[in-house]
Amino acid sequence: MNNHTILEMRSITKEFPGVKALSDVSLEVQAGEIHAICGENGAGKSTLMKVLSGLYPHGDYTGEIIFQGEEVRFKDIRSSEAAGIVIIHQELALIPELSIAENIFLGNEPTRFGVINWDYVNNTTLELLARVGLSEDPITKIKDIGVGKQQLVEIAKALNKSVKLLILDEPTAALNESDSQHLLDLMAGLRSKGISCIMISHKLNEIEQIADSITIIRDGKSIETLHVKNDGVDEDRIIRGMVGRSLESRFPDHTPSIGETFFEVRNWTVGHPTVSDRLVCKNSSFHVRRGEIVGFAGLMGAGRTELARSVFGRSYGTFKSGQILIDGKEVTLRSVPQAIDAGLAYVTEDRKSLGLNLLDDIKTTTVSADLKKITRGLVVDRDEEFRVAEEYRQTLRTKTPSVNEGVAKLSGGNQQKVVLAKWMFTDPDLLILDEPTRGIDVGAKYEIYGIIQKLAEQGKGVIVISSELPELLGLSDRIYTIFEGAITGELTRDDANQESLMKLMTASRKSA
Amino acid sequence: MNSLKQIFGGNTRQFGMIFALVALVVFFQWRTGGKTLTSGNMMNLFNGNSYILILAIGMVLVIIAGHIDLSVGSIAAFVGIVVAIAMRDWGIPWYMGVVLGLLLGAVIGVWQGFWVAYVGIPAFIVTLAGMLIFRGANQAVGDSNTVPVPEGFQYLGAGYLPEVGPNTGYNNLTLLIGFALVAFVVYSEFKSRRKLEKINADLPPMWVPIVKLVLLSAVILYATYLFATGRPGTSFPIPGIILGILVIIYAFISNKTIAGRHVYAVGGNRHAAELSGVQSKRVNFMVMMNMSILAALAGMIFVGRSTASGPFDGTGWELDAIAAVFIGGAAVTGGVGTVVGSIIGGLVMAVLNNGLQLLGIGADLTQIIKGLVLLVAVAFDVYNKIQGKPSIIGLLTRNFGGGGGAKKPVTPAPQSAPTEQAVGTKEVISHDV
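Which chain is which? The protein sequence lines are V and W, in order. Quick note on numbering: the first sequence equals residues 5 to 516 in this note's numbering. Quick note on numbering: the second sequence equals residues 72 to 504 in this note's numbering.
All the pointers check out, no bait thrown in.
Lysine-lysine pairs mimicking DSS-like chemistry, simulated, CA-CA at most 30 Å apart:
no.	chain 1	residue 1	chain 2	residue 2
1	V	K356	W	K327
2	W	K352	V	K376
3	V	K376	W	K327
4	V	K403	W	K269
5	V	K377	W	K262
6	W	K327	V	K403
7	V	K413	W	K327
8	W	K266	V	K377
9	V	K403	V	K413
10	V	K79	V	K165
11	W	K266	V	K376
12	V	K356	W	K352
13	V	K147	W	K352
14	V	K168	V	K145
15	V	K324	W	K352
16	V	K324	V	K147
17	V	K207	V	K449
18	W	K266	V	K413
19	V	K207	V	K24
20	V	K377	W	K269
21	V	K207	V	K168
22	V	K165	V	K145
23	V	K403	V	K377
24	W	K352	V	K377
Worth flagging that the hints you see were computed from the coordinates, not collected in a lab.
Build out the structure end to end from the sequences listed, making use of the hints.
This is how it looks when you write it as structure tokens:
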């Protein structure tokens with residue numbers, strides 16, 4: 005391998021209003037290597053790649069990017085692609101109704117007298133597909149091939165742009181074992197042809213297997229770069245780097261008073277909403293006690309949300325089998341209203357598209373999950389609505405001039421308080437909070453933690469789903485881990501630490 | 072300005088539409104040399120447009136929920152012919168004809184609602200199909216002939232209130248309605264003011280409600296005078312009364328009931344609504360079914376007015392109703408709109424139509440002008456959304472010492488606007504997003 009640097013990113017700093025997403029991050033990639041970037045969700049990996057690919061144009065960040073010995077200033081994705089940097093996103097950017105060949109040449113169609121030269125397109129596609137080890141007819145539509153093959157088409161598309169540095173964001177997240185292996189082999193093949201790869205992945209075993217060097221990013225800072233061969237890197241070493249932050253006192257004081265088990269789910273199995281053979285929850289069992297905060301740890305896409313939403317009135321997926329017991333009695337919750345009546349509440353991870361009607365104001369949102377409570381006869385009592393909303397505004401300290409304000413104007417933290425108020429108003433016994441602090445600044449997080457703890461102190465059961473391990477460790481009395489739709493472990497507060505959780509969440513072979 | 076806003080809600084566009092309406096009436100009154108504001112013309116206006124306005128009531132709910140209904144004209148025509156034939160051939164009395172028509176509307180609504188809500192076919196497609204199906208059904212059932220309806224049925228579309236009580240020279244029932252309306256407006260204003268006092272909100276100065284009440288009462292009393300002094304035997308027309316009752320009922324449902332909230336919730340964010348326990352399928356079903364029932368009613372009123380049901384009844388009605396709704400401030404993407412706003416939007420179109428006719432302007436030019444009005448009204452809104460600025464009307468009201476558009480209601484308490492304040496806020500947010 006020729007040992008020179010192809011890419012150097014120097015002290016990259018990127019700020020969003022109120023948040024420093026990247027601060028002084030440096031990254032050096034050698035020519036012809038596979039360079040992995042590791043970090044927890046939200047550490048800044050994707051932001052860094054968006055800076056590199058020009059999605060955040062020059063001027064949006066500070067620091068410099070040196071590519072093939074020259075400083076580059078990309079103003080959009082097109083200019084980075086012209087330089088030979090191609091990014092393949094986690095959500096594939098292929099058009100399902102077009103053919104493989106059409107997708108590969110999309111936006112880049114070769115023309116002769118203004119007419120697309122289809123012979124050239126199809127022949128070149130055949131060559132490209134051969135290079136990625138895919139034997140498909142170029143005129144096959146994208147929707148007719150599987151996700152694994154689609155991933156390969158993306159790579160073929162990149163090759164067609166004479167790529168020098170390929171960035172893959174979670175390339176194997178949606179792939180099964182054999183497709184993943186095929187992809188990793190292909191990456192190794194590209195490496196031998198001198199194409200460098202940057203790979204973002206949560207699957208540490210894959211990184212250990214294929215990467216030459218690893219840069220670890222934590223809290224928007226580059227922590228260290230490990231050389232796999234020289235440094236004797238293994239999964240434990242990576243995990244230590246990823247979670248190495250000390251737990252500051254980011255949590256309000258809280259003395260749990262835990263009662264008896266009142267909510268139990270047994271052998272819960274759920275299929276994917278459209279592909280019902282694919283299981284998103286596999287035989288999962290768990291329980292919650294009164295006054296207990298139960299954490300659910302798992303990487304994105306592990307099936308945490310799917311589990312929560314399928315329990316919440318089957319609002320996700322196709323129900324296969326399983327039981328829900330409340331106070332020892334089996335209940336069937338077929339719809340969201342039934343789940344709400346049974347005392348469940350679910351706060352979604354996706355506040356904007358699933359949690360809020362952004363056209364609404366604070367007061368209408370606050371009462372929207374339990375309108376009956378403020379309805380007298382036929383009439384929704386607006387005085388009562390105002391009073392209720394005002395009461396929650398004060399107890400949760402929502403920062404807003406008035407409850408007549410629209411929720412769209414609020415900051416993330418205050419929106420979350422409104423959503424919490426909406427569910428607290430239904431007076432649930434069990435609250436399921438899915439990523440309750442996503443996109444919320446540190447100060448507001450502390451307040452949200454306080455609200456969660458208060459709810460538990462009132463004797464309610466609380467399930468917290470979170471990608472942030474420190475948050476789970478700080479809040480939870482007990483933590484379940486989920487990997488690929490199955491519950492892989494249950495740890496008490498005393499047994500749980502970031503290493504033990506990360507092992508169970510990534511189903512690391514060493515923990516088995 | 073504020074008082075007007077408090078009467079009609081904080082929605083900037085709606086507010087603008089009231090101005091436009093008043094301006095149009097004044098303009099045509101001037102240009103036609105006083106022919107606009109006469110008893111006869113006003114009755115004509117209501118008789119000739121009430122069925123469109125009734126459709127607009129149903130249509131605004133459909134559009135708030137995020138759908139559209141193109142089939143209303145055909146449904147109206149189909150129901151009209153069936154009822155006309157049933158009365159002629161089976162000899163059923165006119166009131167049973169009305170019941171039959173409403174039932175038939177409900178059945179058609181079940182059909183359309185089923186496809187939209189439970190099969191999940193876009194309402195555009197379902198109702199486009201319905202438009203063809205029921206137009207064809209109208210012509211099949213009626214053999215493309217015109218079928219007259221009995222006199223009792225004509226009362227529905229062209230009737231007037233009877234003369235009762237002492238001879239005052241006015242139509243007494245019309246006077247009664249006018250006075251009752253004024254009393255109600257005064258009562259509700261003071262009731263909401265008392266409520267504000269109770270929760271210690273900042274009250275607007277006393278002159279605001281008084282000016283508001285004086286203005287509003289003057290308008291109502293003048294209208295009452297016009298309608299009560301028509302040629303003998305006339306009054307506020309029956310279709311107008313049906314329309315008024317429907318407006319009250321549907322404004323109430325959409326503003327004050329759980330069902331109404333659910334329609335807005337589904338239109339605003341269907342997924343969020345579902346996760347809050349709203350059964351969106353049922354909401355969509357009900358909204359589509361309701362539209363068909365109102366279309367049936369509109370069809371019967373029209374048949375009553377034109378004394379017969381024909382094969383081309385109701386052509387183009389859907390577009391008039393949809394235009395009224397969008398002029399009245401609804402959003403194509405759903406979640407925004409009001410019943411009262413749509414009625415105002417419909418009245419703007421009606422006055423425009425009527426005024427141009429009185430001026431002797433041809434149907435060709437009238438259509439062009441109406442089309443431009445629709446385009447400009449919506450373009451105005453889109454432009455403001457892009458600019459993030461309040462509309463010209465908003466700026467005007469600010470200069471008048473108002474609160475600066477709907478963004479800052481002068482009275483902070485929620486009950487100050489009896490009807491559409493919440494929706495007004497929605498509109499502003501959608502500007503900002």
